[in-house]
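Respectively, the protein sequence lines represent chains A and B. Each residue of the first sequence is one higher than the one before, starting from 1 at the first, in this note's numbering. Each residue of the second sequence is one higher than the one before, starting from 317 at the first, in this note's numbering.
Possibly wrong hints are sitting among the right ones.
[Stated by the list, open to error] Here are the simulated distance ranges between beta carbons:
1) G292(A) / L874(B): 19 to 27 angstroms
2) W209(A) / K864(B): 34 to 42 angstroms
3) G767(B) / W209(A): 36 to 44 angstroms
4) W209(A) / L859(B): 14 to 22 angstroms
5) L1089(B) / S284(A): 27 to 35 angstroms
6) I29(A) / P999(B): 26 to 34 angstroms
Derived by calculation from the structure, the hints in this document are not laboratory data. Glycine included, every Cβ here is placed at the ideal spot set by N, Cα and C.
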Amino acid sequence: MNRIFTKTNQPILAASACILVILAIGAMINPNFVSPNYLLLQLEVASFLGIIAGGSMLVILLGHIDLSIPWTITMGAMMGTAVAHVEETAGLLTFPVGLGCGALVGLINGLGVAWLRVPSMIFTLGMNAVLQGLVVLYTGGAAPASHATRLMSILAVDRTFGIPNALFVWIAVSGVLVFLLRATQFGRYLYAVGNRERAAYLSGVPTRWVIVGAFVTSGITAALGGIMLTGYSTKAYQGMGDAYLLPAIAAIVLGGTNVLGGSGRYTGTVIGVLLIVLLQSMLSVLQMPEAGRQIIYGGVLLSMLLIYGRAARLRE
Amino acid sequence: MSEPARRPFLRLQGITKHYGGVTALANVDFSCSLGTIHAVVGENGAGKSSLMKIIAGVVRPDEGQIYLEGHPVQFTSPAEAALLGITCIFQELSLLPDLSVSDNISIADPPKRFGLIDRRRQRRTAEEVLRQVGCPDIHPDERVKDLPLSRQQMVEIAKALVRNPRLVIMDEATSALTARDVEQLYRIIRGLRDRGVAVLYISHRMPEISAIADICSVFRNGKHIDTFSMASRTTEEIVPMMIGRELARAYPAKVSTRGDSAARINSADHKPQTGPLLEIKDLFWSNVLRGISLRLAAGEIVGLGGLDGQGQSELLLALFGVLRGLGGEVFIDGRRLAIKHPRQAKAPKIGLALIPQDRQTQGLLLPMSIEDNLVLASASDLSKYGLIDRAKERSATNQAVAKLQILANDLAAPVRTLSGGNQQKVVIGKWLLKNPRILLLNDPTRGIDVGTKQELYQLMRELAQTGLGILFYSTDYEELIGMCDRVVVCYGGKLIRELSGPDLNEHNLITASLNLGESRGAVESESRSIETSSPKASAWQNLNRFWKRNAGPALSFLVFAIMFILFASQQSNGLSTNVLTSVSNKGAVLGYVAIAQTLVILTGGFDLSVGMVMTMASCLASVILNGSAGQTTLGALAVLASGLLAGIINAVTVVLGRIQPIIATLATGAIYFGIALWLRPSPGGNVNEDLSNALTYDVGGVPTTFLLLLATIAFIWWPFRNSILGRNCYALGSSERAAYMSGLAIGRARFAAYSLAGLLAATGGLLLSLVSLSGEASAGQGGFYTLNSIAAVAIGGTSLFGGSGGIIGSICGALVLRTISDLLFVFNAPALWQPLFQGFILLGAVCLGGLRVLRRKNQMDVFQ
């Protein structure tokens, strides 16, 4: 039994308990809240956040943070849709170009953080601003093609056997990430570097490339999230990524991943995403105005952190 | 036991101290008297440092009692011991690197005037005490981190003396000093003795002890052996007392002749060698390694001897590829190699392995499992196409556990749960799985129980017999003699002697390590860093000092000035007041938010809620900042109070809740934004126009908001910066550990920083509402101000790691950021370029700081 209540698992259990509480409260207000239809809808919405948070988790596992997500999402979406409408390629370039953009952003972030040793928060902040500038410049005068392609719609909106395709995409992405984290050398190196980069370095681990790898993954999932969101709302637009940064970080942290790096399970991030989405959902069912939602959102995050996010005292 | 005939000032009775399984001090009785210079000698591990830490209040003894002037005392912290008149000068400096010399010297008890630190008196105190320690060339305003190490050590000594202690402990205080400084130190110590102060002097350097000590105490293996007056014994009599013969440890049989090593290689993995396995020629590095030449043959165990810190660690790191800027040559198997990274060093063709000095921070990942730690170095060998092969790993780890006899119930348990000896076995096991050819051991048996040590000795000999070459650095002389085929002694970064065969005994080893028998001047002046003292108040030096401290803000102000001039030059009406006011107003709003962020960043944290506090304040203002003059005034106060309250909430979560600042302020930011939305669901509101007019225009041609900023700098920032609270914020950001050791109230400082930040962010919000005459709860706006506040701080030259900088730079940074859009507009650059430009400026500013890192010489220092 002790195995289940380990330090890494406690937050996951706490978050799961919270989810159950939210479902219970929601059901009391409106029984439809726990209807399969509604829950599937929640899972669909959660998929987008889940994809974005998944890659970012790798960065946080290193003890870093990726604040360039908002405009990586937007850029991936815009670049993806831009090439989609070039006749000859029949929309096949969407994913390679979009994801490629995300990877490029991640590469630059990784280089800046790993080689120049600029604090990740600042560097990705700067990248975010630069990406915004580039997108603004690009869309500026003309309104380039930014409609979703058929493929995007299929993936984001359609359902197969009644289950949203977006959910399948999330599951696929999760599968890849879990595989990376648990079955590859890279995953082990990731935890090692997040735990103590110096010891990993002295054991001959290529620490800089691990950092680059994590940021590249974060960029790719952000871009993928952007493409999926475009499919969902049928259009790519500026600022579409802004609403996803805080929830992504909150989901990762609520899932028990240590902000300083070195520990955290992917399952936790999944649970964290579900918790956030259900929380937001319940607040809208309660018809709570946006103001109240924000306050409760912050309050819940704070309470969870007070319970299990505290640092050790200096004396220890 | 011969003892001095004075009444002891300090008496220790029955002191015992354990660290894990190792007994550092065993039932020690010790006393020292006022007005004596009392030396404490012994080998490494004799217990000297532990004893001093107990006397200085850094650690508590497990058993025993301390008496001060006959009264029993118990210290809970170094600060408490200092209050009772005991100060200690440790080898690791406790200075705050980013603060000035005078700040550091008076850190515990600065002179005050009207509640603020009196800098002028502080500077005079520093000058006075620096003169006393013979260092008038150190300028009191110089930042400690800009001083060479020997000067820093003198500042540390000055800092101890300024408190007029009654007992001064000097633990290896001369390790970094020049020969001239050491002479000066003797004068100081003798002066202290003559004034009735007790001096406890710990040193390995017998010549120093002979020169100044009145009384000498010898320690060995945690026990107090004897205390006697220096006049009654010679050095030759003292040295054997340090060695002693305890339970003789059993060492495996050595190699009788070196020449056989080639023939003894029978492992299939190793080819017979004709030349040496490893050869080093004239290795130089950064004034620490000064021309080392060495040869290591396969099957040999070569020991690195000498006092601590003579370059032995650095030699091993250099071989392993950690140090940059190496001079000289390294050959492995006769091939010249330049090893740049541990990854290259461990590759099969080269086959180096390093067991690092500090297993907990350099050798192991404590929270990860034993298994994960064991496979870390050989992960790529045990995996296929980057995929983990669990079966292969399991068999490898079982193999390692069996071979090293690691006592562990469950290999999936975190390695932190193992004992010290077993932990070290895991480190060694990790490297053995890589099949190394050359093993570099950096003091591997430090802090390990006797049983495990025996096992390790056996293992080393076995490995040597299979053809490995082992370079073995140990601070334990007995080990070196028992294990090594030959020992080379390091002193001052050079190898001064080689001992082997019958010459390899304790007496020769210690004599060589202490560099006895050499005239002190000859080697000393070479082995110390050469420094010339220059005249103190040269104008160039003053300018240099000013520049180092203020380069950031000066540059950002310059950039702003250029931009502003460009901007003004394009105005058809010239530099009208309207233009000035508009620039100032926009800049001031961001400026206040940037000031808030600066305070938090100084303490080493970040506040991601400042933008939301500002938004909340401006929304509140748009609701209550109207009506009569009295109502408006109350309203303004309420807005500021709300910001202060928000800041206090942040402070409580970070300081009392101990939640990481970035996440904590992210959460509280959401709450403040919610409040803003509640106050102002849709943009609008009403703001007293008279107040707005008063603050958003100008006074005699100077924009009012600019005057407000100046007033803030003069009446809020300047007092804060010169208060103890403000200075503690800088100290906290500079080195939290040193600040804690100095007994500073860091919790209070952090609390103040976050609370004030809230107040200042609200000021920005108040201004915003006055400028725009309305309020709007927009998440985009809040985020914009938060992120740009950090950008302004970065551009302004404040270090993002804390400890240095100020708000002037941040204000300039804010002005720069806000002027960009105006500038682009004026030059008919498309408005679309603005965000891009802004982003590039931010990236450029922070990358400039990063470029400094690329020049670091010890790559390991870069990592946490």
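Hints the structure fails to honour: Hints 1 and 4 not satisfied by this model.
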